[in-house]
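Required output: the full structure, derived from the provided sequences and hints.
In case you want the letters, here they are:
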Amino acid sequence: MATGGYGRLIKDGLWSNNQALVALLGLCPLLAVTNTAINGLGLGIATMVVLTLSNVTVSIIRHWVRAEVRLPVFVLVIASFVTAVELSMNAWFYELYKILGIFIPLIVTNCAIIGRAEAFASKNSIARALVDGLAMGMGFALALTVLGAARELVGMGTLFYQAHLMFGEAARGLTLTIGDDFKGMLLAILPPGAFIGLGFMIALKNLIDRRLASARREAVSAVQAEPTVG
Amino acid sequence: MQFATITSPHSDRPNSVTSTMLWVIIALLPGTVAMSWYFGWGILIHMVLASVVALACEAAVLKLRGRPVRPALGDLSAVVTALLFAIAVPPLLPWWMMLLGVAFAIIVAKHLYGGIGYNPFNPAMVGYVLLLVSYPVEMTSWLPPSILNETPLDFIQTLSVIFGGALPAGLTWDAITMATPLDQMRTLLNQNMMISEIRQSPLWGDFGGRGWEWVGNWYLLGGVILLYKRVISWHIPVAMLGAVLVFAMFFHVLDQEAHPFGLFHIFSGATLLGAFFIATDPVSAATTKRGQLIYGAGIGALTYIIRRWGGYPDAVAFAVLLMNMAAPMIDYYTQPRVFGHRSGGDD
Numbered sequence: 002m003a004t005g006g007y008g009r010l011i012k013d014g015l016w017s018n019n020q021a022l023v024a025l026l027g028l029c030p031l032l033a034v035t036n037t038a039i040n041g042l043g044l045g046i047a048t049m050v051v052l053t054l055s056n057v058t059v060s061i062i063r064h065w066v067r068a069e070v071r072l073p074v075f076v077l078v079i080a081s082f083v084t085a086v087e088l089s090m091n092a093w094f095y096e097l098y099k100i101l102g103i104f105i106p107l108i109v110t111n112c113a114i115i116g117r118a119e120a121f122a123s124k125n126s127i128a129r130a131l132v133d134g135l136a137m138g139m140g141f142a143l144a145l146t147v148l149g150a151a152r153e154l155v156g157m158g159t160l161f162y163q164a165h166l167m168f169g170e171a172a173r174g175l176t177l178t179i180g181d182d183f184k185g186m187l188l189a190i191l192p193p194g195a196f197i198g199l200g201f202m203i204a205l206k207n208l209i210d211r212r213l214a215s216a217r218r219e220a221v222s223a224v225q226a227e228p229t230v231g
Numbered sequence: 010m011q012f013a014t015i016t017s018p019h020s021d022r023p024n025s026v027t028s029t030m031l032w033v034i035i036a037l038l039p040g041t042v043a044m045s046w047y048f049g050w051g052i053l054i055h056m057v058l059a060s061v062v063a064l065a066c067e068a069a070v071l072k073l074r075g076r077p078v079r080p081a082l083g084d085l086s087a088v089v090t091a092l093l094f095a096i097a098v099p100p101l102l103p104w105w106m107m108l109l110g111v112a113f114a115i116i117v118a119k120h121l122y123g124g125i126g127y128n129p130f131n132p133a134m135v136g137y138v139l140l141l142v143s144y145p146v147e148m149t150s151w152l153p154p155s156i157l158n159e160t161p162l163d164f165i166q167t168l169s170v171i172f173g174g175a176l177p178a179g180l181t182w183d184a185i186t187m188a189t190p191l192d193q194m195r196t197l198l199n200q201n202m203m204i205s206e207i208r209q210s211p212l213w214g215d216f217g218g219r220g221w222e223w224v225g226n227w228y229l230l231g232g233v234i235l236l237y238k239r240v241i242s243w244h245i246p247v248a249m250l251g252a253v254l255v256f257a258m259f260f261h262v263l264d265q266e267a268h269p270f271g272l273f274h275i276f277s278g279a280t281l282l283g284a285f286f287i288a289t290d291p292v293s294a295a296t297t298k299r300g301q302l303i304y305g306a307g308i309g310a311l312t313y314i315i316r317r318w319g320g321y322p323d324a325v326a327f328a329v330l331l332m333n334m335a336a337p338m339i340d341y342y343t344q345p346r347v348f349g350h351r352s353g354g355d356d
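Taken in sequence, the protein lines are chains A and B. Numbers in my numbering are just positions in the first sequence, counted from 1, shifted up by 1. Numbers in my numbering are just positions in the second sequence, counted from 1, shifted up by 9.
Keep in mind the hints are simulated off the structure, nothing from the lab. Please note: incorrect hints may appear among the correct ones.
To be verified - Have a look at the derived ranges for each label pair, beta carbon to beta carbon:
#1 A:Gln225 / B:Pro80: 33 to 43 Å
#2 A:Glu96 / B:Pro103: 48 to 58 Å
#3 B:Leu263 / A:Lys99: 38 to 48 Å
#4 A:Arg212 / B:Asn199: 52 to 62 Å
#5 B:Gly126 / A:Ala68: 43 to 53 Å
#6 A:Ala68 / B:Trp105: 57 to 67 Å
#7 A:Arg212 / B:Pro77: 22 to 32 Å
#8 A:Ile103 / B:Met338: 30 to 40 Å
#9 A:Thr110 / B:Pro80: 32 to 42 Å
#10 A:Cys112 / B:Ala267: 30 to 40 Å
#11 A:Ala80 / B:Val61: 54 to 64 Å
#12 A:Ile203 / B:Ala68: 18 to 28 Å
#13 B:Ala69 / A:Ile179: 21 to 31 Å
Don't be surprised by glycine CBs; every beta carbon is placed ideally from N, CA and C.
Structure (structure tokens):
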């Protein structure tokens, strides 16, 4: 992973090493707050910001931190950024801040973030750490938003409910509703729905990967089977 | 950790999944007749609907998985799941909820885990719990038993309620549905009423709610058929009913006005149906004899605990699923000693 260009880093973060769907890190907030798409997006963006900033900082200080104390230092760095993000959300997105509640401070313990600090940022240049943080964060935020949207759709029959909390009053019209007589499936909103939904998402990702791989293999074998004219 | 692998029971006559399932269906007959006597056509309509949906889902998934479809449909296991499910849900449940529950039971709880023989959880109960958690209002609106019901619905009316959601003229949901005895006992006890007060209402019979208290007997009869045909062994039902009785009697003796007596718990809700037909599912239950005693007692204890202190009126489904989870571990620690080996089962 340490080799390869920035394109590879982005692809890893968004798809092939997605922190939520492949590494299965940071599942606690993932499962807890994804009951609507907006909640998932909110926490996803907060996590992405923290991840990017902490990745850059860890990469900057990587030559001066001794291996013996690196984990406490990483945690301190992450905790500082989380505090900053938490205070900003408290100031500018108060309603969303109240809904996400304890899960914003808990970003400190999100193992995806310390995982990237330890496995990537502490061994790579600042630019690469920045791209990795952004890509990994975006992959995590995407997974959160998609899971949130799916659960919201099944559980409440709406999409982007309370969008104004994030995008201001103008976004109230963003909320889509399936129909008034749609009876939401409560289970999807409750914690078991998060586990089941995540399971289906991972299965879908693996299915797509397998289809792509077999399509590639067929293409390769078709080329090889082509009779050479000579 | 390696789990116990027990060879199949050595039977002295030809035995197959189909014949086992057929006997389960036959043993369900008395209970089904009693249920439709007390609660009308709904249960029969749901049984047919659930069986059709279950077979369709089973066939579709088998085709997707590239497995032979015909033998698996013929083994009747999907039908048994469907029938148990139809018995468990209220008779006027909308058709699409039935479809959702059965599809989830067959596709997710059964086939995503590998199909017959591999499912760690009882499929019918998974589907039931899915609906109970998702749609608590619809799943607890039962009809009153026929002896209390002043406006029984006929076949056509029942059909139109299930498929169209349209109630016959002049009736409201509140008029035709009623809380189950367990539900009512719970609600009233939570309002600090005493049991002697509660039981003065004409709704109550000798053991539980009038009408309701007799349904369980017919499942007991079905259970005796299964025991006699050796489709199930006595360990799980006896342990489960015993545990419910012991718990209920203990608390009843402590405070007679706050805890219903033991037989109320046996003859109410799904206790007897669960003991003989649901807890004994050979795939998801414990397999060793000692293990089955522990497993059954666990279900009984959890049933009582969740009924008394939990958030839902009946608890057999939750108790069965929780103990399903524990079944592999129970089997691991109760492996019988093989002659010539030391006890402990590890070597």
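Hint-by-hint comparison with the structure:
1. A:Gln225 / B:Pro80: 33 to 43 Å: Because 40 Å falls inside the window, the suggested range holds.
2. A:Glu96 / B:Pro103: 48 to 58 Å: 36 Å, violated
3. B:Leu263 / A:Lys99: 38 to 48 Å: 44 Å, holds
4. A:Arg212 / B:Asn199: 52 to 62 Å: 54 Å, holds
5. B:Gly126 / A:Ala68: 43 to 53 Å: Check passed, 51 Å falls within 43 to 53 Å.
6. A:Ala68 / B:Trp105: 57 to 67 Å: 60 Å, holds
7. A:Arg212 / B:Pro77: 22 to 32 Å: This hint holds: roughly 25 Å between Cβ atoms.
8. A:Ile103 / B:Met338: 30 to 40 Å: Given range 30 to 40 Å: holds, Cβ gap about 33 Å.
9. A:Thr110 / B:Pro80: 32 to 42 Å: 51 Å, violated
10. A:Cys112 / B:Ala267: 30 to 40 Å: Taking Cβ atoms as reference, Cys112 of chain A and Ala267 of chain B lie about 47 Å apart, which means the hint is violated.
11. A:Ala80 / B:Val61: 54 to 64 Å: About 58 Å separates the Cβ atoms of Ala80 of chain A and Val61 of chain B, which means 54 to 64 Å holds.
12. A:Ile203 / B:Ala68: 18 to 28 Å: 27 Å, holds
13. B:Ala69 / A:Ile179: 21 to 31 Å: At 25 Å between Cβs, range holds.
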